[in-house]
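Sequences and hints are given; from them, build the entire structure.
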Amino acid sequence: MIRVFIAGVFTLLVGLLSAPTWAGIIIEVTKGQDTGIPIAVIPFHFQGQQRPNENIRNIVSADLYRSGRFLSLPPGDFLSRPSDPDQVRFKDWRLIKAEALVIGRVSELGNDHYEVSFYLYNVFKEKLLAGYRWTVGSSQLRQVAHQMSDYIYEALTGIPGAFDTRIAYVTVEKDSSNIRQYQLMVADSDGHNAQQILRTNFPILSPAWAPDGKRLAYVSFASRTSGAMIWVQNVETGDRRKLLQEKGTASAPAWSADGRRLALRLSRDGNHDIYILDVAASRLTRLTKHPGIDTEPAWSPNGRYLVFTSDRSGRPHIFRISAAGGPAERLTRAGRENAGASYSPNGKHLVMVTNQGNGDQIGVFYTGNNEVKVLTDGPLDDSPTYSPNGAMIMYATQRGNQGVLAAVSADGRIKQILRLHQGEVREPAWSSWKQ
Amino acid sequence: MNRAVRKFSRPVRAVILAVLVHVAFGLLLGLSLSFKPQVIKPGIAKPVKAIVIDRSTITHEETSKKEAEKKRKKESEKKRKAEAEKKRKKEAEKKRKAEAEKKRKKEAEKKRKAEAEKKRKKEAEKKRKAEAEKKRKKEAEKKRKKEAEKKRKAEAEKKRKKEAEKKRKAEAEKKRKAEAEKKREAEKAREQEKQDAYSALYSLVGAIKGKIEGNWSNRLACSGQEVTISVKVNISGEVTAVKMLGDSGDDACRRSAENAVYKASPLPFPDNPRFFKWLDQEFTIIFKPDI
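Chains W and V supply the protein sequences, listed in that same order.
Note that numbering that gives the first Met the number 0 has the first sequence beginning at 0, numbered continuously upward.
Note that numbering that gives the first Met the number 0 has the second sequence beginning at 0, numbered continuously upward.
I should point out that these hints are in silico values taken from the structure, not numbers from a laboratory.
Honestly, I wouldn't trust all of these hints.
[Claimed, not checked] Calculated pairs, DSBU-like style, for lysine-lysine (alpha carbon to alpha carbon, straight line, at most 35 Å):
1. K112/V - K89/V
2. K124/W - K210/V
3. K242/V - K30/W
4. K288/W - K96/W
The following block contains the structure:
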């Protein structure tokens, strides 16, 4: 609503005596277009013979768009295409209402190497906000683009970017013999550069990134009859270590923020409960002991609490328990079912799968007021995972009969299918920042 | 005759003698003559036709009465002779008298002339004096008149000036009143204009807000925050300055608000140029997202 502070009007009515001491009109603005920051990312100028395969401008533009915080303006609107600071005419960008401008160059250095540079400007302040240069091989150009996106994102939102991070996920395909093939995949945060780090005929479950952004814990099986195994694998070196070999089932390992402990669900004692594994000592501690199913544990960022899914009150809901044990407190009450919760990096929200009667959707639970905001449409959305900066959420969903990965901005405004994959895609996990 | 008598001039003496003769004759005739002494004013006596008596005759008469008869014949002769002599003498006397008379007349004439001259001169002098006096008087009159004229003129001038001053003052007062009235009217008109200006601006507040909201692309940046900025506009509503007030809000939020304002430029603003001077060209805008 419009609030005009009437100090001025008062002056107007009684102040016929002298020049009014007009306090000025005060307008309160509450609504917005929420399109995100209009940004013009100019196609990078290429200097050299062999144009690289990667289009840095498009990668950056897509990153920024996907975050939900930017409106990347179409190059068709551009009145000029500067690539050098000297060529920038801010008027051109004010006219198309770009708030930010990115220009850059790619120069071929030979030997499959390139120099990449960019400048970021605040258009209306006509101010340079950032400028960086890289010299890299062609295989690193995508990473350069993501790092660029991170610089831009942080410069304009104040929040560290999380584009130069990775995601892990599991794919399921059938081979020519119609035998299921499970693969543990690691890709860039935009789904590109997917690399298989494990392939097996038996299910791979619940990949989880360690805080160092390099190690991945997951559950796999050696055979149809074997118990579940908990592995930790370094995705860069390929080294892997088996932490646990269970007779029964296990799932959902979750790293504590300090990386020293894993919380997970085991069915050791004929019951599904939450345990905590000291990684270095391989020592297990039972955290919950309830006849219902307790699963999908997740640590609070400060390490003091865990949330988990339990059907102890009937349908699955989210409960919270102290990391030191004790009684569990039910958090979610709204909706038919809520499951698979994890904390946002700032510890204020939980992202989870919520079923409000329209199937499974991704929702955010606000710990402050216990409200749930549904972000996605469902009906088969699953396995939400926060980006390390909390700005985005990745999840698994279905397109047609295919399982795919999708990303949604934390406010739910921008949703994007990351990548269509042959077969089924499950359980994405977004890495923390690389250390 | 004593010396004093002798000092008289001959005419005078003759006159005296003549008087004496007359007196003597009067006495002789027995006439009792009483007459008043006649004052003889020397020089102004009227000419008297005195009969000159010969002294010798008188003496003869006095001394020779007895011999009169005796001598009568002689005397007759003598008388005849005497008569002749007498006649001659008479002629001489007549001539002398004529001479004297002539002389006297001449003297008289001279005197008269002198008198006349004197008188003329006196008259002339008198006339001159009179003329002078007349002239003086005339001058004086003239001067007086001149003074009077001058005074009159001065008075008139003074009066005129006074009138003029009065008139001027009246005019000035009239003018002052007219101007005061005009000023009051102008003031009233200005006040009206000012009110119109603000009314016009108020009617645009919603449009201003709408345009800024329409350009607030990154409201999310201000989620849970509130920033206040001061916006200055020119006569066309174009944003000329943006100033953050206070230090609330993080950089991204502040920037989103600033950019919303810049992009909304020109802001809806009363398009009547006369309104501009009345309006505070600075708005305060609070960005407070309802998310």
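Checked hints:
For the hint linking K112/V to K89/V, the alpha-carbon distance of about 31 Å falls within 35 Å, and the restraint holds. Among the hinted pairs, K124/W with K210/V is consistent with the structure: their alpha-carbon atoms are about 20 Å apart, no more than 35 Å. Restraint check: the Cα-Cα separation between K242/V and K30/W comes to about 21 Å, which is no more than 35 Å; the hinted pair holds. The suggested pairing of K288/W with K96/W is violated, with an alpha-carbon distance near 59 Å, which exceeds 35 Å.
When held up to the earlier numbered hints, the structure conflicts with hint 4 and nothing else.
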